[in-house]
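Asks: Sequence:
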Amino acid sequence: MAIERPIGLAALTVLDVSPANQIIVAAEAGYTHVGLRLIPATPTEPVYATVGDTPLIREVERRLKETGIKVLDIEIFRLKPDTRVINFLPVLETGARLGASQVLLAGNDPDRNRLADNFAQLCEIAAPLGIAINIEPMPWTDIPTVNSGVELLKAANQNNQGMIIDPLHFDRGANTLEDLKNVPKDCWRYMQLCDGTKEKPKDTEGLLYQARNYRLSPGRGGIDLVSLLKALPEMPISIECCNDEFALSHSPIERAKMYIEDTKKLLKQVAELND
Numbered sequence: 003m004a005i006e007r008p009i010g011l012a013a014l015t016v017l018d019v020s021p022a023n024q025i026i027v028a029a030e031a032g033y034t035h036v037g038l039r040l041i042p043a044t045p046t047e048p049v050y051a052t053v054g055d056t057p058l059i060r061e062v063e064r065r066l067k068e069t070g071i072k073v074l075d076i077e078i079f080r081l082k083p084d085t086r087v088i089n090f091l092p093v094l095e096t097g098a099r100l101g102a103s104q105v106l107l108a109g110n111d112p113d114r115n116r117l118a119d120n121f122a123q124l125c126e127i128a129a130p131l132g133i134a135i136n137i138e139p140m141p142w143t144d145i146p147t148v149n150s151g152v153e154l155l156k157a158a159n160q161n162n163q164g165m166i167i168d169p170l171h172f173d174r175g176a177n178t179l180e181d182l183k184n185v186p187k188d189c190w191r192y193m194q195l196c197d198g199t200k201e202k203p204k205d206t207e208g209l210l211y212q213a214r215n216y217r218l219s220p221g222r223g224g225i226d227l228v229s230l231l232k233a234l235p236e237m238p239i240s241i242e243c244c245n246d247e248f249a250l251s252h253s254p255i256e257r258a259k260m261y262i263e264d265t266k267k268l269l270k271q272v273a274e275l276n277d
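Residue numbers (our numbering): 3 to 277.
Any given hint might turn out to be false.
Lysine-lysine pairs mimicking DSS-like chemistry, simulated, CA-CA at most 25 Å apart [what the hints assert, rightly or not]:
{"id": "1", "residue 1": "K232", "residue 2": "K267"}
{"id": "2", "residue 1": "K187", "residue 2": "K232"}
{"id": "3", "residue 1": "K202", "residue 2": "K232"}
{"id": "4", "residue 1": "K72", "residue 2": "K266"}
{"id": "5", "residue 1": "K232", "residue 2": "K266"}
{"id": "6", "residue 1": "K156", "residue 2": "K200"}
No lab work stands behind these hints: they were computed from the structure.
Just need the whole structure built from these sequences, with the hints factored in.
Replies: Written out as structure tokens, the structure reads:
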């Protein structure tokens, strides 16, 4: 089945390989794009020299050219109370150099006015580079839901702002499919895709564990992905499926292939329902 929309391999899916090798994995597994993690999300993650004119960035450029893979997004930006937005400029410039068009951002500031101001400022410095800034609602952050994300977008009011939905966070948060109608249509730029257990974690520790260590391949869990995909416009997909247990017995390429094959089956199912 021919899939028209771009499908990217998110960094978290193959965090056990370097950014340069991630591109090889994506190409071997049949993806069109990658999402590169230029800023580590946690102190325990591998740290690479991914900002500026480094040997690794030059290697990433070579492999992008050799494989034809494109960069969809860069991550993960966090807006905290002490954030100085201008400090993100070198990361944005590196992303633009690699051809990224999207930034994935988390809101980690309880002061909504300051968060909106910083979000707007980040959009402003990213705009000349051709990059959009996408807030990702996560239940343990200060933007926990789609509706709180909509409030942030309204307050910031930037042409290059957006929202990204992660099915795991959407399902675990206080969200409904109706809430998606509140998001301005021009703020949908790309989405993530994964699955999760039908039973939802009861605390933040459980939410974080599943988000970082126990996601399931699209269509192999208990989240109603069909209804979610039907409720969203067609847009590029970034597959974010990290699973520590599965990674012990399967290579990065094997995992990436399974995830994209499952995604294509799911998209075919949605397309048939829409016919």
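Asks: Next, verify each hint and record whether it holds.
Replies: So, going through the hints one by one against the coordinates:
1. In summary, the hint linking K232 to K267 is supported, as the alpha carbons are separated by about 14 Å, within the 25 Å threshold.
2. Restraint check for K187 and K232: satisfied, since their Cα atoms lie roughly 15 Å apart, inside the 25 Å limit.
3. As the CA atoms of K202 and K232 are separated by approximately 22 Å, the hinted pair is consistent with the 25 Å bound.
4. Taking the CA atoms of K72 and K266, the gap is near 19 Å; set against the 25 Å cutoff, the hint holds.
5. At roughly 15 Å between alpha-carbon atoms, K232 and K266 fall within 25 Å of each other, so this suggested pair holds.
6. Under the criterion of a C-alpha separation no larger than 25 Å, the hint pairing K156 with K200 is inconsistent with the structure, at around 33 Å.
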